[in-house]
Amino acid sequence: MQLRKTTLLVGVLVALTVASAGAHHSWNQVFSEDKPLVLRGTISKVELVNPHGWIWIDVKGEDGVVTKWGIEGGSPNGLIRNGITKDSLKLGEELVVRGYGTRDGSNLVAGVSYQRADGKELWLANDGAEAAAKAKGNLLK
Amino acid sequence: MTPLQRTRTRLGVVTLTWLVAALFAAPLPGFGQGQTYRAPRTAGGRPDLNGFWQALNTAHWDLEAHTAAPGPVLALGAAYAIPPGLGVVRDGPIPYRPDALAKKKGYAANVLKEDAEVKCYLPGVPRMMYMPYPVQIVQSTAQIVMLSEFASAQRTIYIDGKEPPPADTWMGWSNGRWDGETLVIDSKGFLGGTISALDEAGAIQVRFLDRAGNYHTDGLHVVERIRRTGPDHLSYEATIEDPNVYTRPWTISMPLYRRVEPNMELGEFKCEEFAGDLIFGRYAKEPAAK
Amino acid sequence: MGIEMNTRSFSRRIAAGCVAGIAALTLSAPSAIAQQASTTAAGTYRAPKTPDGRPDLQGYWTNLTYTPFERPKELAGKALYTDREAVEAFDKAVKDTFTTDQLVHYVQSDFAATPVQSGAKPNLNTSLVIEPADGRIPAFTPEAQKRVAAQRAAEKARGSLPLTWRDDRGTQWCVFHDRAVPAIPAPYGSIFHIVQSKDFIVMTYEWNTERRVIPLDGRPHNPASVRTYAGDARGRWEGDTLVVETTNFTPKRDFFGSEGTFTLVERFTRVSEDSISHTLTITDPTTWVSPWTLALPLHRTQGPMLEYACNENNMDAFTVLKNARAEERGELAAPDAMKRGDAKAVIKDASDKGAAEVIGAVD
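Chains as they are written, first to last, in the numbering used here: chain A, 1 to 141; chain B, 1001 to 1290; chain C, 2001 to 2363.
Keep in mind the hints are simulated off the structure, nothing from the lab. One or more of the hints may lead you astray.
[What the hints assert, rightly or not] No more than 20 Å apart at the CA atoms, straight line, and that leaves these computed lysine-lysine pairs for PhoX-like:
#1 A/120 with C/2252
#2 B/1188 with A/86
#3 B/1188 with A/45
#4 C/2156 with B/1285
#5 C/2252 with B/1270
#6 A/86 with A/120
#7 A/86 with B/1162
#8 C/2339 with A/35
#9 A/68 with A/45
#10 A/45 with A/60
#11 A/35 with C/2348
#12 C/2198 with C/2049
#13 B/1285 with C/2322
#14 A/35 with C/2252
#15 A/86 with A/45
Please build the complete structure, drawing on both the sequences and the hints.
Now the structure itself:
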């Protein structure tokens, strides 16, 4: 069976600015924006791989049972430009993650916001905030 | 001096000369023209490693000495049987820890499921260098890139690089330096296996160094030494260390041969396409034909 | 002269006020960008040379842009901004991209897509397409119109659910990431790593570690029967400009309606310390009534570039197909369209209002 052609038809392309859908995959076929989640746990594994790095956290339920959750995050190339390397994240460190869960209910989350125990946001992504602030008005944070 | 005395004296001189020469000659590492070959230089002043290079041995089947054996797929008969080879391990046998050796035997029995090559995953280091495909070296001053025809695998060697790996990868992070004629490459920051989120159909446990199940984990550290030994040959050595698997470092060595045909290029071998149905066929609308 | 090794500077770019000030961002060299398909850079900039005596194009470069692909209708007839207009358009696009126009599950700055992180700069051109003069892709030929219409009809008949891994775009990209060539910019990670030797120049794209290896030794093209995803590139220097002609694309590629029958001519010229002018002319008389040209300037960005091992990280393909089958069985509802807004604010709002499920013991 022939590989289905990579389709880049004009209709799609008009929207191909940075502002358009950035997902390289069909995000909403895997995750759901109707499932916002907050998870709290400790880091058990860090996989800084492209296109999405993964942070695995051990989450203890109220019954004391520990389950493993995988948080899908950004690209390590991007993280490096924000000063994050594999040594920035410590195993056993506490994290509060806010993001969106999966359609099929598996223990994976598309991470949006990551907070350390001290309340600070994990990804030191100041540049976006400052750029937007300089552009006009302070619309981020 | 009598004729006999003259002959003995000449023999003595010849012997002495030979002994002196032998003492000062560079020891040969096993093949090639030895360390006396001075490679042409690039415009940047370094030994020129540019070109297309390929191993011509059975290291990719099995790094250790091995006799011929049937291949993993009966229907492919003699065409894909395992040819014999005397191995490339200089200080063998490979020094496995006992627990790791047991794992290796398990992997050897399960190659089709566990070998990254079958799924067109990245071959890693040093395996990329002796797969049965050409490797192109493109050499600049601050960086050298090495490109494999297989799976578009590539490595960047940072010349005089001192940075540790910022993140782990399957091809590792390579800092290199020139030691006279020799390029010495120190590579760390390797991943093993696959990511945790991957479906079982795509998951593998470790990364193989060959098709026989010799393997490494994310504890791998490799030091390579590459130099020209003639117009069309490289000497390639790799010292492999992984405390999760081996009791000590061990070294492989082999020549790499220049692909001398005119207009040589790496072909496009996007093997991901050929592994697609294998890995993702389980949830296809109609399961792929076997 | 060696390439600038950015591997030392892993520390995040400190967006100190003076550096980050948008108005202070250096524009792409205006005359070089505004010129259409020029072979020499105007102005007095002389690129540093490699030891082989050629202009040094090495390093890490991004073509990430906030310029629309085709000229918007409201800008018809206006090919160029003034300097001030370019900065304003850039500012607006940046603001929208990182706030209201962001996908709510996707924080762009986490992907180093901001201009300070990436090196993207304002652009005097009002569109990436600079030829034809209206800044829009030329019309299809009648033959192409029929072909594309038939293709769309077939897709519609097939339905939207993926049948095999070939129907998952992200997984197709594991075979070949088409933004490597022709270099249509990606919203993030749109970065090339360029290494030069005397006879070859290697351009590796961040997505899928997709590479182009361009011979500079004057060899002929491959036979027409050898067609590849990346095509068959042949490079030569014309003064300080690298000209690359690429042919022999595989028919498995569909580039804007051309099924691999297009040819590509590119010109790369280093126009400043931080920028390379890059134009691409696409020709396919069986698909478009005329050739068309893109200007996709490359701006210096920070290395290194880590590998993108698409295949072994592809959890999506399994999930997408598994969920498609579940949807067919009625076990899963069809996904909703994705929403836009300020990602961090939206999730915080949901969390504060108690709309988010809380998992794990919280003090």
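Cross-check of the supplied hints:
| no. | hint | result |
| --- | --- | --- |
| 1 | A/120 with C/2252 | violated (48 Å) |
| 2 | B/1188 with A/86 | holds (13 Å) |
| 3 | B/1188 with A/45 | holds (19 Å) |
| 4 | C/2156 with B/1285 | holds (17 Å) |
| 5 | C/2252 with B/1270 | holds (13 Å) |
| 6 | A/86 with A/120 | holds (18 Å) |
| 7 | A/86 with B/1162 | holds (17 Å) |
| 8 | C/2339 with A/35 | holds (13 Å) |
| 9 | A/68 with A/45 | holds (10 Å) |
| 10 | A/45 with A/60 | holds (16 Å) |
| 11 | A/35 with C/2348 | holds (13 Å) |
| 12 | C/2198 with C/2049 | holds (12 Å) |
| 13 | B/1285 with C/2322 | holds (10 Å) |
| 14 | A/35 with C/2252 | violated (38 Å) |
| 15 | A/86 with A/45 | holds (11 Å) |
Of the hints listed earlier, those the structure fails to meet are numbers 1 and 14, in rising order.
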